[in-house]
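Visitor: So the chains spell out like this:
2 protein chains.
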Amino acid sequence: MAKKVATKTKKCSAKKPCAKKNEKYTYLFGKTTDGDAKMRNLLGGKGANLAEMARIGLPVPPGFTITTEVCTYFYDNGKKYPASLEKQVKLGVESVEKQMGKKFGDEKDPLLFSVRSGARESMPGMMDTILNLGLNDKTVEGLSAKTQNPRFAWDCYRRFIQMYGDVVMGVQARNEAEPEPFHHVMEGLKAEIGKKFDTELTVEDLKELVKRYKALIKSRIGKTFPQDVYDQLWGAIGAVFGSWMNERAIIYRQKYGIPASWGTAVNVQTMVFGNKGETSATGVAFTRDPANGENEFYGEYLINAQGEDVVAGVRTPHKISQLQNEMPKAYKELLAIRKKLENHFKDMQDFEFTIEENKLYMLQTRNGKRTGMAAVRIAVEMNKQKFMDEKTAVLKIPADSISSLLVPVFDTNAVKRAKVLAKGLPAGPGAASGEVVFTAAQAELVASRGRKSILCREETSPEDLRGMIAAEGILTSRGGVSSHAALVARQMGKVCICGASEISMDYNKRLMSVGDIVIKEGDYISIDGTTGEIYLGEIETAPSEVIRVLSGKMKAEKSYTFQLFQTVMKWADKYRKLGIRTNADTPEQAKRAVQFGAEGIGLCRTEHMFFEGDRIDAVREMILATDLQERQKALKKLLPYQRKDFEGIFKAMEGLPVTIRLLDPPLHEFLPHESAARNALAEKMNISPEVLTERCKALEEQNPMLGHRGCRLGNSYPEITEMQSRAIFEAAASLIKKGKKVKVEIMVPLVGFVQELKFQAEVINKTAEAVMAEKKVKIDYMLGTMIEVPRGALTADEIAEVAQFFSFGTNDLTQTGLGMSRDDAGSFLGRYKELDILPKNPFASIDKGGVGQLVRIGAEKGRSARPNIKLGICGEHGGDPDSIDFFNDVGLNYVSCSPPRVPVARLAAAQAQLKK
Amino acid sequence: MAKKVATKTKKCSAKKPCAKKNEKYTYLFGKTTDGDAKMRNLLGGKGANLAEMARIGLPVPPGFTITTEVCTYFYDNGKKYPASLEKQVKLGVESVEKQMGKKFGDEKDPLLFSVRSGARESMPGMMDTILNLGLNDKTVEGLSAKTQNPRFAWDCYRRFIQMYGDVVMGVQARNEAEPEPFHHVMEGLKAEIGKKFDTELTVEDLKELVKRYKALIKSRIGKTFPQDVYDQLWGAIGAVFGSWMNERAIIYRQKYGIPASWGTAVNVQTMVFGNKGETSATGVAFTRDPANGENEFYGEYLINAQGEDVVAGVRTPHKISQLQNEMPKAYKELLAIRKKLENHFKDMQDFEFTIEENKLYMLQTRNGKRTGMAAVRIAVEMNKQKFMDEKTAVLKIPADSISSLLVPVFDTNAVKRAKVLAKGLPAGPGAASGEVVFTAAQAELVASRGRKSILCREETSPEDLRGMIAAEGILTSRGGVSSHAALVARQMGKVCICGASEISMDYNKRLMSVGDIVIKEGDYISIDGTTGEIYLGEIETAPSEVIRVLSGKMKAEKSYTFQLFQTVMKWADKYRKLGIRTNADTPEQAKRAVQFGAEGIGLCRTEHMFFEGDRIDAVREMILATDLQERQKALKKLLPYQRKDFEGIFKAMEGLPVTIRLLDPPLHEFLPHESAARNALAEKMNISPEVLTERCKALEEQNPMLGHRGCRLGNSYPEITEMQSRAIFEAAASLIKKGKKVKVEIMVPLVGFVQELKFQAEVINKTAEAVMAEKKVKIDYMLGTMIEVPRGALTADEIAEVAQFFSFGTNDLTQTGLGMSRDDAGSFLGRYKELDILPKNPFASIDKGGVGQLVRIGAEKGRSARPNIKLGICGEHGGDPDSIDFFNDVGLNYVSCSPPRVPVARLAAAQAQLKK
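If you read the sequences in order, they're chains G and H.
Under my numbering, the first residue of the first sequence is numbered 11, with each subsequent residue one higher.
Under my numbering, the first residue of the second sequence is numbered 11, with each subsequent residue one higher.
Take these hints with a grain of salt, some might be off.
Same chains, same names: a pair is fine if it fits in one copy or spans any two.
[Claimed, not checked] As a list, the in silico SDA-like pairs of lysine to any residue whose alpha-carbon atoms are at most 20 angstroms apart:
#1 Lys394 to Asn377
#2 Lys217 to Leu546
#3 Lys707 to Glu684
#4 Lys379 to Asp86
#5 Lys100 to Gly248
#6 Lys568 to Leu405
#7 Lys768 to Asp86
#8 Lys748 to Glu711
#9 Lys530 to Glu548
#10 Lys768 to Lys843
#11 Lys350 to Glu732
#12 Lys113 to Ser253
#13 Lys48 to Glu732
It is worth saying that the hints were derived from the structure and are not from the lab.
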């Protein structure tokens, strides 16, 4: 197969410069090594580390890396290569030939290559690999003669044809019913000759197999299996670059937020063989335990096997410690390498090795993937070992990892036995078990009887709030990780799985089903909000040790986990500049957040309180009032409730600042949607159900997100603002009188025009003066606004004339800035990830290029008018490490996030500052 | 009543500086004159022009003006005055005393004042006026003696008390049932003494009346009518400033977009009397006919009357020409003044005069309000007279005026006889008459029988489109001037009234009612979309002369109106820099727009075509398709329709550029909403109604405005983009082959990320290449995007790398930029106008401070990346003069508006450029 080489470069522009002449596209590793570990963007992770290992004297089979730039070029230029690549590859091969003293395609003693992908970030198993490249009808004889092992040689050859035929030439099953064709041919042969295992095949059998494989390829695609070794090489290179855009690679990148533009490198490396008999082996190892972080050598190997055998799981590998007995010399070498790797890379390494006839080769090393728990432990312990200083240790722990120290967990063994019913989106981490309930009422009933429940809904609405509070966990069959269910669950620290679309629910029959399996209300399920897995039946869960220590149920000195947590948090607080607040609507949430290190409340939503107890009736009366008098009557009923709410929160926060947002959501959200509830309300309000329905209908909106909400409510009905601020000030006054400290910050939502804020400020200030006069206390308070529509950000200088602080409401700012409804974006966000238009969900991680501009403009203009203005952010993004990095960069004073994200935010804030 | 004078200024800030010491708050006019016409912002229109008249030697009774700054101070400082005002008013009074040789409060020969408001813009009748101020129990005797006319003196006094008691002291009817109290007292007296007319009252009667008036005041408010003339004066000044914030003034300002911050001035002026007998008179006059602009002296007067009598309409005034006979000397003087005023002010003047004992006094002059027709005619004719040059003439015609030359009109006499049924919002100008129909189908049926109809709906949706086309006019009972009905009607140039909330509709019974009046389907109504009035019965209408000439039904030389129109348009084209395009979706609209001077189509919405004929079925099949194959099948059906549409439009535009926007609205909009229609569709599609309903439901969105629409559709289903661009290119190819010119501009909607555009561009370019190869023609086309979400504007530099042009979609940019749904803003925009938060509807006139920033940023960034990028705007704002001024300032290349707004836009564009 001839490689396509572009004769002319195409599509050059100022932003995407043309490939320069004489650009270096290949980098050697081995005795001569061009690259190093720092060149991972260019050489990919594998290539860079092969080079680095070669540099520090580890036994790396020589080879060369074709850079990621070639991949980018390949896709930008109709799958053609830069003109000079051909020559550079040739030179690479020749250099290896020289080092190995063998020739590629030599009929006597052929040099064989593996051709492997290697992206900037590891994407294990996602892209294609070709082994044993360089074998053909002639070289196989040479290998056979040279190794005096014809069976080995022919087995390598048939494996190579199989792999090449599949991956490069595309001979694959044409539908799901069809068996994998090469496998089918082999099974056919084995049946003919009455053999059961591959290992039973003789040299003659393998030769027959090779014949049949070649015939299969010819018959399937009308092309011959290439005998020219360079044709083989270019075919393999093309296949690896091609696999960058295969479906599973695309999906993987989506999941892990890897941009398609990074591209993959291709590593062409001398083959070494772990399958040359009992003195050969292959294995993978971690320098420490990747599951719990313990400082123990960890890994597994197989004697007389190729790497693929370990992965395929046909034979069960042995624990690495056994190698001590089987190959003590190699094991000793491995131990030394383990130490050398950690000393050199200063991090836990995950490496692959092959032992060919007692000689150890290193095929790969990389920073090992690890659980959150392991990440924390390894960082803390490596700091103790002086492998890394505090700052490095802080940077080494993915901020999200901290979460895994906090969430309740399933018993590990019980989970293994449990049946996975379905999978959804992991939306609220942790593990929960309980009875299936379909309504909020049922959830409350179950809770009142001391039992646990999982609230299962197609999607949730504010009406379900009481049920969500009562339930252990929430499961929805629709909606994404930023749906109402997910947002509220994370806010509450509830376990939550969203969008489990295989499940269909039937509220009327009170059951849900997945295929043939039917689960009735009252049946037990268990959900793992960290993985998205839904299990049939009950699985025992336990709160994390950190939570147990924080709530006084365990002693700190008894929990190593807690000590790790504390160490990391202490470091984080030392290096971060950003303040960390929490979004909390209840005293319970507030207390938990303070335990987690929150330094104040950045967002207290008054409306969440509206659903508690009977007060929803008064809320509804207020909403449905047709005149001021009626409305004031209803507001009067609400005042004592709200005052009590705020007292509770102020008390819980013990003098830390509390930012209270005035009523924000469209009023229609509070109204009953089902006729029974409407009728009941009509009766209570002493109006006819028709009138009530009509009033409800009048409040319906085409686009409630952009409708009559936020300060538009307070400006339409200043009496609501007055009631709410009175409740706030009266609560503050009552605590101050008891000698407590209270720091009140009143926040007016959805301000786009400074006048909107002015009118609200008038009402609030007047109320403050009135309450202070009545109660004869002085209340210090600040008055600010949320910046959550683009106009607010763009006119932040005007708004800052009135506002003493801003809190960026990045949820709504994202919705308006992108013109994208969070509730509706599900229908196209998947496609947008696939197309790489929006590699990350902009509701989870802030869109720096667009919404970020608005935040920056808002911050700068705000400061220009009021230099000491306090700036925070209270959207979902406040708990997202990537977003926190951005907010730190913009120079906000604090981020505010849901209580369980507070530790994550502390760590992310420190990392952001350290990265600066 | 003592005036409140602030001893300390309050609430000063950098933006609102404190009143400076020794600031000049009063300006004299008369023999000494401090002000002039240019000082209208400070002195108000009345005050400035009084000063100007005094300057040019016209007989103005002397007085002084208290500035508008005092009004602003008054409201900013708790209704207190600047400290130095008291002294300045005193000095003003003394100056007038000197000029008049009389003393204020003199018991022998008292100087009397009128106290009148006078804002920057005239607000006729909206604010309070006090006449005859300075009379009290003693001065009335002096006046009586001096004039030797006790009846006159006492009548003046009782009028003064009445006015002062009402306006300053607040003695008014306490509810609607109660009669006006002073009037009641007078009627009581007249009944007692058996007199019928006010004029029959004797001096003694009047003295009794004065007594009773004073008693009324005392009993009602417990205060005595003030005898101190300075107390009277301060009371009156306070009342005038106070009336700036009375309800009717606020409502008036809302309607005419006058900011509350302008404030009013107060004019204190020597009284002159038109009611001193048969040698006295009072009147108002226009230097030309304000209705049609004819150059004739126009006005009316009353002998022996005060100004209020002319306004009150108790006596019928005489035409001004009669004065020639009754008072030839005064008439001659008036003619001279008419000429002098026009010569001096260079504009048509509306003035008030009083003749006191044969001596003429000028009380006011101002630029006269006029109809659109008159504005055009006066400007053109004054230019001919060399009163103004072309530029001034262009600036003198409110751009909207041009509309009134274009719309069909009712027969003037017929309208006077017709019964006004209700009033709604004038949403599409012109006059239409027809049968009431409640459904699109009925409208089409009526049209097919050659009859005219008015489509009456609570509100309209795209489903009504066919009916809107078939009907003469559209009437809705809900929704504002930017509702669907209004937008589409203006687009089509249909007469439309929106939000006529008094009307309730019953589709089932096929009737609508206003109070007791019931109108059945088939009954005739007539609607005036210029005034918002709805009449019972049929009123004859006629198309405007301009339209008749343009459509060849009348010769240009026979229509003076058309000549006026042409003259103004020629001027406009000479001075404007902005290009004017039109938003047109059909060949008919396109042709009309070209006749009106459109230089291209700036927005051709492909989706409006989807509702024509049977194609909606194919559209629905496409939408409800569950896989690519089904969808492509439906698209194949649509292709020929769309191709034909585009051919028609290209043909109509004869080589002018045509910007075609690809599919934009959320798909749910195209689905049938009623079950009958759904069932029919299900049958056609051969699926069950349940399945259809479910698929429809799946497409419902929480916030469709921010949902799956715009290029998100084309990126989800590239096959739609492919079909649409194929239809466009095939249409272009077929015309090019026939030797016609075609200028295609394809516009991708709702782009926020450059990648969105890239993917669409790939599909479009590929299709273009394919069609060009198939048809063997070269098609020149441009590819651009709408900038209609904030992110699009903020990243316009990136987007401009791909887009060859931008069209700012300011409708959606307003919705997203302000976070305000056009469909839902009705519930608070009224209140927001009232509070002065949003003095203008941001969907009608662009919010320069916010959305305008986004337009400016988008334009600048776009140009930074592509200096020759073509920039336009195609939102509703494209036809709004104020917005056009802004777009001209930003330096856009063109604005695009609905066909009937094209002449308005041409004129507004010229004005914008001239104002620069």
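Visitor: Each hint needs a verdict: does it hold in this structure or not?
Guide: Results for each hint:
For the homomeric pair lysine 394 and asparagine 377, the shortest alpha-carbon distance inside one copy (19 angstroms) is at most 20 angstroms, but the shortest distance between copies (87 angstroms) is not. Taking the shortest Cα distances, lysine 217 and leucine 546 never come within 20 angstroms of each other, neither inside one copy (50 angstroms) nor across copies (99 angstroms). With identical chains, the CA atoms of lysine 707 and glutamate 684 are at most 20 angstroms apart both within one copy (13 angstroms) and between copies (18 angstroms). Taking the shortest Cα distances, lysine 379 and aspartate 86 never come within 20 angstroms of each other, neither inside one copy (32 angstroms) nor across copies (65 angstroms).
Within a single copy, lysine 100 and glycine 248 get their C-alpha atoms as close as 15 angstroms, which meets the 20 angstroms cut-off; across copies the closest is 97 angstroms, which misses it. With identical chains, the CA atoms of lysine 568 and leucine 405 are never at most 20 angstroms apart, being 27 angstroms at best within one copy and 85 angstroms at best between copies. For the identical chains of this complex, lysine 768 and aspartate 86 are inter-copy neighbours only, at 13 angstroms across copies versus 54 angstroms inside a copy, given an alpha-carbon limit of 20 angstroms. When the C-alpha separation of lysine 748 and glutamate 711 is checked against a cutoff of 20 angstroms, the pair qualifies neither within a copy, at 45 angstroms, nor between copies, at 50 angstroms.
Proximity of lysine 530 and glutamate 548 under a CA criterion of 20 angstroms is satisfied intra-copy only: 14 angstroms inside one chain copy versus 66 angstroms between copies. For the homomeric pair lysine 768 and lysine 843, the shortest alpha-carbon distance between copies (15 angstroms) is at most 20 angstroms, but the shortest distance inside one copy (42 angstroms) is not. For a Cα distance limit of 20 angstroms, the shortest separation of lysine 350 from glutamate 732 qualifies neither inside one copy, at 69 angstroms, nor across copies, at 58 angstroms. In the homo-oligomer, the alpha carbons of lysine 113 and serine 253 never lie at most 20 angstroms apart, since the shortest distance is 28 angstroms inside one protomer and 102 angstroms across protomers.
Taking the closest pair of Cα atoms, lysine 48 and glutamate 732 never come within 20 angstroms of each other, the shortest separation being 61 angstroms inside a single copy and 45 angstroms across copies.
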